[in-house]
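Asker: Sequence:
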Amino acid sequence: MKKIKLLIFLLLCINQLLIFNLLSKNKEINKQTNKYERWIEIQIPTRDGKLLKADLYTANNDTTKQKPVIFVQTPYDKSKYRTLEQPEALTGGTFLFFDTLNYNYVIMDWRGFFSNEESAVAGYDRGLDGYDATEWIAQQKWNNGKIGTFGGSALAQIQFQTIKHHPPHLVCAIPFIKDYKTKYSDFFYGGVFRKEHVESLEKLNLIKTDLILEHPKYDNVWKILEQQNDYPEEINVPCLMISGWFDHYPSDVIRAFHDLRNRSPKEVKDKHKLIIGPWLHGSVGLLKQGILEFPDAVLIPSEAIKKFYDYHILGAKNAWPLEPVIKYFQMGIDTWKTTENWYSLQTKIDTLYLWEHGQLNFYPPPPKMTPLPPIPDTLIYDPKDPAPTVGGSRFNPFKPLLPIGPQDLSNIESRNDILVFSTQVLEKEINVTGNIKIEIFFSSNRKDTDWSVRLCDVYPDGKSIILTQGIKRARFRSSYQYDTLLEVGKVYSITIELEALAHTFKIGHRLRIDISNSNYPMFDINLNNGEELYKLGDTLIAINFLYHSSEYPSRIFLPNQDYNYIPIIEEIQDKSKIKIDPNPFESVFSISWDNNPFIERILISNLLGQIILEEEFLNYPNTPIFINLEKIERGIYFCIIKTKNKKIIKQIIKY
43 MKKIKLLIFL LLCINQLLIF NLLSKNKEIN KQTNKYERWI EIQIPTRDGK LLKADLYTAN
103 NDTTKQKPVI FVQTPYDKSK YRTLEQPEAL TGGTFLFFDT LNYNYVIMDW RGFFSNEESA
163 VAGYDRGLDG YDATEWIAQQ KWNNGKIGTF GGSALAQIQF QTIKHHPPHL VCAIPFIKDY
223 KTKYSDFFYG GVFRKEHVES LEKLNLIKTD LILEHPKYDN VWKILEQQND YPEEINVPCL
283 MISGWFDHYP SDVIRAFHDL RNRSPKEVKD KHKLIIGPWL HGSVGLLKQG ILEFPDAVLI
343 PSEAIKKFYD YHILGAKNAW PLEPVIKYFQ MGIDTWKTTE NWYSLQTKID TLYLWEHGQL
403 NFYPPPPKMT PLPPIPDTLI YDPKDPAPTV GGSRFNPFKP LLPIGPQDLS NIESRNDILV
463 FSTQVLEKEI NVTGNIKIEI FFSSNRKDTD WSVRLCDVYP DGKSIILTQG IKRARFRSSY
523 QYDTLLEVGK VYSITIELEA LAHTFKIGHR LRIDISNSNY PMFDINLNNG EELYKLGDTL
583 IAINFLYHSS EYPSRIFLPN QDYNYIPIIE EIQDKSKIKI DPNPFESVFS ISWDNNPFIE
643 RILISNLLGQ IILEEEFLNY PNTPIFINLE KIERGIYFCI IKTKNKKIIK QIIKY
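Using the working numbering, the letters of the sequence shown map in sequence onto residues 43 to 697.
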């Protein structure tokens, strides 16, 4: 019985996440190209004898012309694609353009959903349906043998599940706002149940909450599930991935993208691309996100989607290969930036320290000059009155009027159960690019509690706009595999990791963090009793203390880019005749010279001008300097040699 239960759990978990339809209202693109008048309902045979219903869209209902097909598999009812004028609340934001001059379209309900509800088979791999449908489409008179797939969230995951079976006629895929790997953190953030999100999935018949709550720790069930769903080596077609800073899992999409770049077959690993914008889960590419507008990010996804399909499927010479590997939106200054590796951007860590009176400073609190211990801040957390969720990476399709995304938190920051820490008004910009971490020193009068953090940008008019959030359960501060309950009154440290972010805090703004012991209903409440999780029990009020002193320096780590742009590309000629040997090199090279300049410092930078190594030297006559770059990736770099009077730059190549 346990094995059957485990199998059902694994299979149900695979079909997760949501987005309510991904149909376009993109009139600027569709106005000229949309020629279809109606759809034709077709039936697609599968290997187990089922017939899955789908809708076929062609120009003027013409099924005689062979064209490539864009194939969508949805659990949200294919009939909602039958009009381009569907309600805005149901649009995914990322546009499925209906270019029926160049493409035909097939929209198929998942097995077990809507028109295919009667075809349900317990535990069936829907990726096989994707394979069967792709290959059946390829044999039809209205297809030329080339097929691309499209869809976000659950519609993205089914693409990955289809691709791993390697249908021969599948050319490329656009899976967005979701990675391929189902994992513990999809359902438990910092060990805390993602209540609102998972309950929405259950209402959509994608998951069973009870099955998730039976595994609140990172046990063997999760380990097996993650191993079964980690298959970038099987992704053998080019993928365009898209995510947003206000989506559920931008960090996971970034990780999955780099896995594809590193581990997918060599024929395609360099063809994957990623776009990350200032978007929510259900409004990718739209102007309005929460209470903010991002005009520079409108239509970016839809334009990239068409260009991607036209290049890979139609063979258009549209310079798609010259598009950046990663294109990301730096909020605050609202600028698009590019990189080949997201993690290479995080070259510097800025640290802000929590002080008394709600201050955030770039230096730690000074030691106390008296024998009295430092006074911590106090939070009284009542699970019956938790701090409410406002904005952030929240998405509930059943409550479309909820405040989501970037929202003003100033109204709730006056609550007694929220501590607010802010910088002074900034006289210099703070750039954040990466995953922010916060280390908190705390004690409690209870055996367990949660620590929740929200990062905000405070505008000159006082609006406190949430950018991202995170939470951690105290019992899981050391590991998600086992409990470590608290001793009353003992001081502990806990580290909370927020989602990936690219944001600039501008001059005249302030950086702020809001700290509480709850964020409900985005995350489930902690009863504070230290007993078995997600079972009925006593609800206890917790008195929690947050420390910020020289002994207990609570702090926030801000990943940043330490740019040092080199104003020239060509090497500087110098009379000292400095030599690099060997060059190209494998791991170690030497620096030698004829006229013995006094070398003070050597720096190694990449082509973006980012410093990846910096060493100070006191060199001796006729003694070469050896530089070990074993741990950096292969590529072209600059060796910057600083002497007392000048800077000499040499190009170096690691192979």
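Among the clues, some could well be false.
Beta-carbon label-pair distances, calculated as ranges [unchecked claim]:
hint	residue 1	residue 2	range
1	674	458	46 to 54 Å
2	266	527	46 to 54 Å
3	501	458	18 to 26 Å
4	578	529	36 to 44 Å
5	391	414	30 to 38 Å
6	341	251	33 to 41 Å
7	422	266	16 to 24 Å
8	678	349	26 to 34 Å
9	297	678	33 to 41 Å
10	504	458	14 to 22 Å
11	341	501	21 to 29 Å
12	183	501	26 to 34 Å
Please keep in mind that the hints were generated in silico from the structure rather than gathered at the bench.
Computed from a predicted structure; not experimentally measured.
Think of the CB as a built atom: it goes at the ideal place given N, C-alpha and C, for glycine as much as any other residue.
Asker: The structure should be examined with respect to each hint, and the outcome stated for every one.
Answerer: Hint check results:
1. Look at residue 674 against residue 458: about 50 Å separates their beta carbons, and that is inside 46 to 54 Å.
2. Between residue 266 and residue 527 the beta carbons are some 27 Å apart, a value that contradicts the proposed interval 46 to 54 Å.
3. For the pair residue 501 and residue 458, the beta carbons lie near 24 Å from each other, so the given range of 18 to 26 Å is met.
4. Between residue 578 and residue 529 the CB atoms are about 25 Å apart, so this pair departs from the stated range of 36 to 44 Å.
5. Taken as a hint, the range 30 to 38 Å holds for the pair residue 391 and residue 414, whose Cβ atoms sit roughly 32 Å apart.
6. For the pair residue 341 and residue 251, the beta carbons lie near 37 Å from each other, so the given range of 33 to 41 Å is met.
7. Between residue 422 and residue 266 the beta carbons are some 41 Å apart, a value that contradicts the proposed interval 16 to 24 Å.
8. About 28 Å separates the C-beta atoms of residue 678 and residue 349, a value consistent with the hinted range of 26 to 34 Å.
9. The beta-carbon spacing between residue 297 and residue 678, approximately 26 Å, falls outside the hinted interval of 33 to 41 Å.
10. Between residue 504 and residue 458 the Cβ separation comes to about 20 Å, which falls inside the hinted range of 14 to 22 Å.
11. The supplied range of 21 to 29 Å is met by residue 341 and residue 501, whose beta-carbon atoms lie about 26 Å from each other.
12. Judged by the Cβ atoms, the range 26 to 34 Å given for residue 183 and residue 501 is violated: they are separated by roughly 59 Å.
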